[in-house]
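Take a look at the letters that make up each chain.
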Amino acid sequence: MGRYIIKRLLWMIPIALGVAILVFTLMTFTPGDPAQTLLGATATEEDLNAKREELGLNDPYFVRLFDYLGDVFIRFDLGNSWITSVSIIDTIKIRMPRTVILTVVTLIIAFGLGIPLGVLAATHQNKWQDSVSMVLAMIGVAIPNFWLALLLVVAFSVKLRWLPAMGIEMGLISYILPALSNCTGALANCARQTRSSMLDVIRADYITTARSKGVPERSVIYKHALKNALIPIITAAGTAFGRLLGGAMIIETIFDIPGMGTYIIGSLNNRDYPVVQGGTIFLAIVFSILMLLVDLLYAAVDPRIKAQYASSKKRKKVKANA
Amino acid sequence: MPETKTAPAPQQHKAKKKSEFMRVMRQLSKNKLAMIGIAVLIIEILLAALAPWIAPYEYDKMDIPNAFATPSAEHLFGTDDMGRDIFSRVLYGGRYSISTGILAVLISTVLGICVGSVAGYFGGQVDNIIMRLLDIIQAIPGMLLMIVIASVLGPGFINTVIALSVGSIPASARMLRAQMLKERENEYIEASQSINCSKFRIIFSHLLPNCMSPMIVSSTMGVAQTITTAAGLSFIGLGVQPPTPEWGAMLSAARQFMRQAPHLIIFPGLAIALTVLVLNFVGDGLRDALDPKLKN
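Chains as they are written, first to last, in the working numbering: chain A, 1 to 322; chain B, 1 to 296.
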């Protein structure tokens, strides 16, 4: 198990390097002159040249690439924004928590509603509750979240005036609308996943046993069945967390949440390449670590999978001895 | 599909002998939701394709005095800030949105098949290198990657299609590879190797047809996903640009008027949601129809 974790962590180094090279190359070959964008249309040729020299844009591609990789992977410095000259890592430290809060609130809503919906569907299989839940799930997948965001803003901010339409001045309350509009996909997946894994579990012998020894139905469903059905749901939550973290960019833009999404999209529009590169590398590393955690979580909640890791190790030992 | 439903017994026998396709179609025709999905989808595609002939107004015909008209008999979905008829614009928008989705998925599936089958069939070092490269692409959250590529390429229809397809190549390549790894252990592959079939032939005429089922299902769902993503890209100002009646671009333009004229944001969004919904119905139906466990 330990060796597996170390192996996975070591794999992240070439992946992060690859991501850095990929994004750096994409940015380098983007049409348009960053110096021109930074200085505006009125800048003289001399100013432009000086700016290009300052940003290192006159150096050949490989020189700049290796400089950049050196900065990032040896000095652990993502550089400064070309526009505000603020350190990118410092900005990420302020902005990342907001994206994380949004993701966590989204996840709480999605799984808080999705699990009961899935349980309801599974316990009433092929009845109307089942059909209604699954149709709701289908609609949840189909609704584009930026559209839902607009509808929710019109309903709750413009008409009812209950919740703020943008910004994060009101603390957690300002995250409710963004999270609601962002949660539909994850909610639907969770409901479907819960339903199918509950259906698998509910036919198991130990459920029949529990029922026949007179355990109340409620406790059969929530204590005996759901507990065992939770394994795939927990991993689904992990995957959803990773996906939401990188996928909330449009929602962040709509609600004007100063998180990672707005940071990167804004910098793309301003040709502030170091921010785009740094932000993407950072998110990719976070994403990879999350996926590793999901795999570990999977092993932690399911003894059968843990046993697999152990047995593959033992198998290797046997081979080595032979 | 109606023919298979009403097919008399001898023909059915023929169909059984004839093809897997007919079997899948028959299975699919039993699924109500999938049939509704196919019907709605065909209507939508027809409406979009025939938009120049059936749309009541030109999509760019302005009528400023009539701006922000609410839905009425004259303007089914009302008019926007320039008095343009929203119904006509939604019809025209279908041409961009649906074709973006289909084209992008087509490209990514074809490239994914090429990459995935090479990795899956040859295995070893080739497989290793390809998979590590895909790992790198997949380490970047999908939406972010598409946004970056779309902004590097600049706006426009073709560029959007490219951005969307590049982002989804790894997933389809991975899926095909997994399928190939399972399939290539079969005896018929050993048989074709032993009679000296060329590798190209083994991959394309023996292995691929047997690996296609999950690819077909995931492409159908993929079109739905891609339509939403494409609309999202144009919504934040990348992708197809505003005067063009793309659904996402229409939503983006309507956003600043949503306080006084909420009907502007309702219809383009409904169009996206409906298309995605029916595509998912079809995808679900196909999955059930193609699932060998349900074969009778």
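One or more of the hints may lead you astray.
Straight-line distance between alpha carbons at most 30 Å, and here's what the computed DSSO-like set of lysine-lysine pairs gives [claimed, not checked]:
1) A:K127 / B:K199
2) A:K213 / A:K127
3) B:K199 / B:K182
4) A:K127 / A:K7
5) A:K223 / A:K127
6) B:K32 / A:K7
7) A:K127 / B:K30
8) A:K227 / A:K213
9) A:K213 / A:K223
Note that these hints are calculated values from the structure, not bench results.
Right, here's what the structure says about each hint:
At roughly 51 Å between alpha-carbon atoms, K127 (chain A) and K199 (chain B) are farther apart than 30 Å, so this suggested pair is violated. Taking the CA atoms of K213 (chain A) and K127 (chain A), the gap is near 27 Å; set against the 30 Å cutoff, the hint holds. Between K199 (chain B) and K182 (chain B), the direct Cα distance comes to roughly 17 Å. Compliance with the 30 Å bound is thereby established for this hinted pair. The hinted pair formed by K127 (chain A) and K7 (chain A) fails the criterion: a straight-line CA distance of about 48 Å is larger than 30 Å.
Of the supplied pair hints, the one linking K223 (chain A) and K127 (chain A) holds, its CA atoms being roughly 23 Å apart against a limit of 30 Å. Between K32 (chain B) and K7 (chain A), the direct Cα distance comes to roughly 49 Å. Violation of the 30 Å bound is thereby established for this hinted pair. Straight-line distance between C-alpha atoms of K127 (chain A) and K30 (chain B) comes to about 20 Å, which keeps the hinted pair within the 30 Å bound. Among the hinted pairs, K227 (chain A) with K213 (chain A) is consistent with the structure: their alpha-carbon atoms are about 19 Å apart, no more than 30 Å.
Between the alpha carbons of K213 (chain A) and K223 (chain A) the distance comes to roughly 15 Å, so the proposed pair stays at or under 30 Å and holds.
Going through the hint list in order, the structure does not satisfy hints 1, 4, 6.
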